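Put together the whole structure using the sequences plus the hints.
Taken in order, these protein sequences are the chains called X and E.
Quick note on numbering: the first sequence equals residues 1 to 423 in my numbering.
Quick note on numbering: the second sequence equals residues 1001 to 1319 in my numbering.
Since no wrong hints were added, every one of them can be taken at face value.
Below are the DSSO-like pairs computed for lysine-lysine, each with C-alpha atoms no more than 30 Å apart in a straight line:
1) E:Lys1080 / X:Lys221
2) X:Lys221 / E:Lys1179
3) E:Lys1179 / X:Lys233
4) X:Lys207 / X:Lys221
5) X:Lys207 / E:Lys1080
It should be emphasised that the hints constitute simulated quantities derived from the structure, not laboratory data.
On a predicted model such as this, the values are computed, not experimentally measured, just so you know.
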Amino acid sequence: MRKTLVLLLVIALVGLVAAAQATKVVNVMHGWPGEQAPAFEMIVDAFEAANPDIDVVVEIVGRDRPAILATRLAAGNPPDLTPHPWIGLMRQWADAGEIVDLMGLVDTSDINPALVPIGEHDGGLYGLFIFPNVKSLIWYNPKNFTARDYQIPNTWYELLALSEQMVADGGAPFSIGIDSGAASGWPGTDWIEDIMLRTAGAAVYDKWVNHEIPWTDPRVKLAFETFGSLFSKGYVLGGPIGALTTNFGDAADPLFTEPPTAYMHHQATFIQGFFNDHFEGLVAGEDYDIFPLPTITPAATPDGSIPLLVSGDVVTVFNNRPEVIAFAQFLTTETAANIWSSELGELSAYVDADPDDFADPITRKAQAMLLNATVSRFDGSDLMPGEIGAGAFWSGVLDYISGISLDTVLQTIEAAAVDAYSD
Amino acid sequence: MSRRSSNNEKNDRTAVRGFGLAWSWAVARARPWMFVGPALVLITFFLIYPTLMTIVRSFFGRGTTLIGPSVEYVGLTNWKFVFTSNTMLTALRNNAIWTVLFTTCTVGFGLMLAVLLDRVKYEKIAKSLIFIPAAISMVGASIIWKFVYAFRPIQISQIGVLNAVVVALGGEPVGWLIKRPWVNNICLIAVGVWIWTGFCMVILSAAYKNIPRQLLEAARIDGANEWHVFRRVILPVLFPTIAVVATTMVVQVLKVFDIVFVMTNGNYGTEVIANRMYKEMFNYFNYGRASAIAVVLLLLITPFMILNIKRFTKQEGGR
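Shown next as structure tokens:
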């Protein structure tokens, strides 16, 4: 009896000591419910192995994360750290003093220097851009291309000629999916941003994103019209309604059906996770491959290089505690970057990442594009205020495709933008 | 000694009695407040205070804080947005369409089913089937119907029931949720009707079964045909219940959110007031605008709530 009591006391004591030692907790919230979750967990495990006194608690919020973050911020209990793609929101948080300026706290020498400025704002560093995605990609099925003897286009006009050929052969050139539940519209904004970089150039793109030119500007209008011409020329599977009602995650499926119902699909690197889920046994490089969306107006890209639209997640820190900073620092390391890219075939933000190290041919190509691009810009809709980048621009694209006149659409976005950028 | 003490006692007693009187008077005065108190405190904190703060907040600008240095006074700017912007005008128009079509259909179908199903043998089964959607969550129902309305390009086989039928009959698939302004709005309203008709039917059916059969028999003996019985007897007797059900439906429909949020998110001209409020608040963090929209919603719903409560107390009072 007494022995049991002593034993229990000892156990309780040991438990208390253990609990006291592991009191340093880092709360992380991320929005990757899919295959990224276990990969992120591996990064967490590696960190915890190196820092046994820190416990990283991961919370996954797959939907409506901005709303949840807003309420948690208002209530005063935000997560310690979160990776997220909302640069515009990040700037608002920075202005409101709700997030930590990491300048001087986190050493960014391990991050690809081209990516670091994306997290900067007003002389501070509020986001570590370490989960990059390349957006300017056209996916195709090489087997379908060889069967029809189609060649990879090097210019926009070759792309249009190829599309014409595909239509003549009775196929649909593009499969576009713009539906994304409450976030519907974003795949369309990616198209317009990519076209904008190729027809107006990066300098105008920056002005447009910062609302230094109005939405009714002819250059913005041209970008919309160029996108719209794909529909009016009949290059899109299912036409406007097909694009509007197809979920972005299913939109690449027609490339892999037998016979194929469409030949090309515009989407970022992350999309291969989707069609690998939908079809078994697809081999990267054989069943699917990528080429960059070619240039359009030579004057917009004077050096002849292909501009790159990138997106992805930056890591933002809400609470300045040593263990939180330590975890943020760890996320920038080669170890973390390698786990991420080898597990998921995602791109690496590590400064010395060598494309040839990647086994996956798609990752290798995209990584090379990321390293070699002379002009790269972050996804514009993520840089704009929420009312526009996650509101009027999204619904504007949907309205335009569904047949509302372009002038009306652009005036509506402009009216919202005048409000949104006013303070 | 003993006398003095008894005198003292007497004095004490009088004092106690006086105090006791004051005490019982106070208790009598306080008793109602003791009963009402907790409810009053709760209502103040959870209803009156938030309502007042929402009204105040509607005159301040964007931002997620209630009051503070980061929110600035903007006067009527938010209110101007509510009553002049294209999005809000669409939302107000759509709420009007919803109110009319949804209420007429739910109450109308509910009444029809209540009266007609009373005459069939399989009444219980039929009523249960019609009532089932009421047990499905709004979001669940919306997802089910999103599949019903699903569109696939004609080259691909349809996965939506509706378009499968259209294509089987030789037609082109229709973008049910895209086609504005009527097709998509009616398709959304149909989902609401599907969910709520069962509820209306059950309540109206209970009221219908309470009508004394002699009343109907008497009318028939007097030579009224079935339509007359319905029009001149059933309808007037059921009227108070119909009014309560209808006002309940109006209150339901004015705050419609889930169906629109899940199925179109207010795109393609299907915006409604509550969905816009959600967007302003949780997507754009403009608490000022969201508050103004919330107040509009509150003002629209209040008369129907008052009507409903009046009807309710009248009915209760009659018992």
